[in-house]
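Student: Generate the whole structure from the sequences, applying the supplied hints.
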Amino acid sequence: MRGVSRQGERAVGSVRIGYFEAFKGRDTLLIDGDVEGLGDLMRTLNVLVLAQQDVVMLHSLPFVSAMGRLEVNACWSQRDAGLSKIDNAFHWRRSSMGWAAVVEQILGVKKQGRCHQYLDAPSDEVAVMVSSGEYGEPWPKLGAAPWSA
47 MRGVSRQGER AVGSVRIGYF EAFKGRDTLL IDGDVEGLGD LMRTLNVLVL
97 AQQDVVMLHS LPFVSAMGRL EVNACWSQRD AGLSKIDNAF HWRRSSMGWA
147 AVVEQILGVK KQGRCHQYLD APSDEVAVMV SSGEYGEPWP KLGAAPWSA
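Okay, so the sequence shown: first residue is 47 according to the numbering used here, each after it adds one.
One or more hints might be untrue.
Below, computed lysine-lysine pairings styled on BS3-like, alpha-carbon distance capped at 25 Å [said to hold, decoys possible]:
#1 70 with 131
#2 70 with 157
#3 70 with 156
Now the in silico label distances, taken between C-beta atoms and shown as ranges [as the list claims (entries may be wrong)]:
#4 124 with 81: 29 to 37 Å
#5 97 with 183: 34 to 42 Å
#6 68 with 89: 26 to 34 Å
#7 97 with 71: 32 to 40 Å
Rather than coming from a laboratory, the hints here were simulated on the basis of the structure.
Built from N, CA and C at the ideal position, the CB exists for glycine as well.
Tutor: Have a look at this one:
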């Protein structure tokens with residue numbers, strides 16, 4: 047799988063993923079990245095748009111820093127479902143068209159800069175929000191206890 051930053055060729059990106067209970071009134075998976083990191087994420091998710099891969103373990107990507115022992119599996123599915131929590135892992139199931147919409151929304155955040163966008167799906171159990179430039183360090187100041195298994 048491609049989409050990994052390599053120093054020397056271009057800037058190295060950074061993406062953080064965390065789960066926050068009752069964040070802005072709803073349990074939320076927050077994906078926060080810089081411009082390069084959001085670009086890396088878009089390139090990585092394109093394998094799901096094209097149905098070239100069934101699962102991408104977002105928490106294992108070299109440019110992603112996942113909070114605690116958080117596991118987030120982005121999955122290609124015939125049925126456009128959304129984000130669910132099963133045991134101690136999140137499963138984000140979208141169709142090719144759903145993943146294309148996610149990539150397009152991430153591109154909008156990447157271009158806009160300091161903003162966020164909810165990545166809604168037909169049946170999310172937990173909200174998914176992508177942001178850039180809004181949430182600095184440390185994340186616990188977001189007003190909700192971060193999740194860790």
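Student: Please name the hints from earlier in the document that this structure breaks, with their numbers sorted from lowest to highest.
Tutor: No numbers; nothing is violated.
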